[in-house]
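Asks: Okay, here's what each chain looks like letter by letter:
Protein chains: 2
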Amino acid sequence: MMVELPYLLKKESICHRKDGLLYIGDRRVFPFEKRFEPCSTVEQVAAALKAMVTQGGGPLQVAFTTLRFISEKMRLGRLPYSYEELRRSVALLIGARPTNTTMRRAMLALLEELAPLFADGAGPDEFALKVDELVDEQELYYDETYHQMGRIGSTLIEDGDVILTTCFAEHTFLLSLAYAREEGKALSVLVNETRPYLQGSRLTYPCLQEMGIQAHLITDGMGAHYLAEGKITKYMTASDLVCMDGSVVNKVGTLSNAVACNYYKVPYYAFSISPDPTKLSSSEIVMEERSAEEVLHCLSLPTTLEGKALYPSFDIIEPSLVHGIVTPKGVLAPSSLARSFS
Amino acid sequence: MMVELPYLLKKESICHRKDGLLYIGDRRVFPFEKRFEPCSTVEQVAAALKAMVTQGGGPLQVAFTTLRFISEKMRLGRLPYSYEELRRSVALLIGARPTNTTMRRAMLALLEELAPLFADGAGPDEFALKVDELVDEQELYYDETYHQMGRIGSTLIEDGDVILTTCFAEHTFLLSLAYAREEGKALSVLVNETRPYLQGSRLTYPCLQEMGIQAHLITDGMGAHYLAEGKITKYMTASDLVCMDGSVVNKVGTLSNAVACNYYKVPYYAFSISPDPTKLSSSEIVMEERSAEEVLHCLSLPTTLEGKALYPSFDIIEPSLVHGIVTPKGVLAPSSLARSFS
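These protein sequence lines map, in sequence, to chains A and B. Just so we're aligned, residue -17 is where the first sequence starts under the numbering used here, counting upward by one. Just so we're aligned, residue -17 is where the second sequence starts under the numbering used here, counting upward by one.
I should point out that these hints are in silico values taken from the structure, not numbers from a laboratory. Among the hints, a few may not be true.
Remember, identical chains collapse to one label, so a pair may be satisfied in a single copy or spanning two.
To be verified - Calculated cross-link-like contacts (lysine-lysine; reagent style DSBU-like; alpha-carbon spacing at most 35 Å):
hint, residue 1, residue 2
1, K167, K(-7)
2, K311, K167
3, K0, K112
4, K32, K213
5, K290, K167
6, K290, K(-8)
7, K290, K(-7)
8, K261, K(-8)
Just need the whole structure built from these sequences, with the hints factored in.
Replies: Structure (structure tokens):
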């Protein structure tokens, strides 16, 4: 049986087409507004991705829908029907989010599968059909993989667990909770608000509420408090990237909790569809610094007078702090990741 | 030589009298406004303290000034001149901040010293003179103690140190930095913004700016990030209370950094004028839960839709995580605190 995803993760909430436009669900204003950013060109889609209208797994879904959007425009003669045009569009999408390696790999694979159609002289109708077929396939693959990882994740959850989470761990984490509940396990979640963007407060918490899962918000400095009190039994997050040595790269703030989990002997699990085969260890990670203005503001209000701040986007969590990585191949120890994904 | 305190810690900024009113510096709106809360009665002072107009060391200074305010009113015949009236006023102040043990002890000691005047038939003029004399003495004692602890704290700071701090560690911490700089040591500070009230962003950071000390704001989840990168060399905070066994009670978020310091082998120091002789260990601490609404808001803006949140006011940092406690008697190991303060 398939459990249901909350509003924010439904495909049409992430991205949909209507009357010749592509609409991207604006996570920057959620949950205060359910607003969509309308795009009439691929340039506008790329600009929206750059502006962080959506994030996490959002850009992948946007890229899939954009491919359908392009093929429809080509079929209707509103965009030149050529491989060059397709390649240019894909490059725009990929370039909008250089660190989203999942989206890049998926789009480059689709481009490679579509290239022969142009060489073989297929027309725009045939091309549009093929795009739909391939994107359907990809969407199904991700749907199935998310649910599979959710089922695997749910096996880690025990009756009575109180799970700490940081940022917005999306499908795999939320499905793990949903399947665990289906299995009759009682659980509740403590959600770090995740400054500066408040993804915990704005994205994760409303999803849990909608799913009817008991949850409490805490500030980012409170994890250790409840670990010390013995009230947290698991820590679970998504990962922006996992290296082949089992190092996890995730939203800044994750390390602080992982270190505290290690001290208080609570296991930390990260979700990952696959480690990045091009990153053998964390020494190959280039740390992205984001705008200090974000730390100097909250919900667009200044938190102090003019000043200096730092905003490293990611933490690197060394393998020894990671109890297990939830993958489609099962829950793997960091040290056995390379063997399973070689 | 005495180094200078920043605006926020000057006595007149914390509390002053003017034209028959007592004005309390409103830390809730600092640094956006330099506003004072006017009080014409002790009831209003107590209400302002309850409403957190000032915090940390503020209430002690407010209580001292209120004692002068009361004696003046008694001298002018605007308040009944009686021991009963004095006792009632002191009880109001103490009751406004039941966890502020320093203020309570200081006020009860003053009450005890003033009681004989009424028994001996001294008039309101003599009483007012005695109040001024005793409060002058107390203020001088705290001034000297703060500077003494600042000088002791400065000896811990090494040239090139990058010091992490949480919340607003006030006089002793800021004076330690000032004296270290006087000694020619280069230093800079990383300041946790300290959600939900943002004392780091609003109070500590502007003080450091005013003092010309290099500082950067970070969110509460970023301490471990910079510890892992080896960029933080010391962690220093105030303490709301220190137990005789060396357990430190301080603003929630302190434990998270103390655990990370322990993991990355960076020393954590807490400032304390004195441990609380009535608290032998942390098992005697009653944890105060504050309003969840604070976690659900930032600068009065909601961070999510309606929801549930948790807000434990304090962390308890066990003695093994504390490298040293900076006291007027020197920097003491947690284990030697009881011996030095018995």
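Asks: Could you work out which of the previously given hints the structure breaks and list their numbers from low to high?
Replies: Checked against the structure, no hint fails, so every one of them is satisfied.
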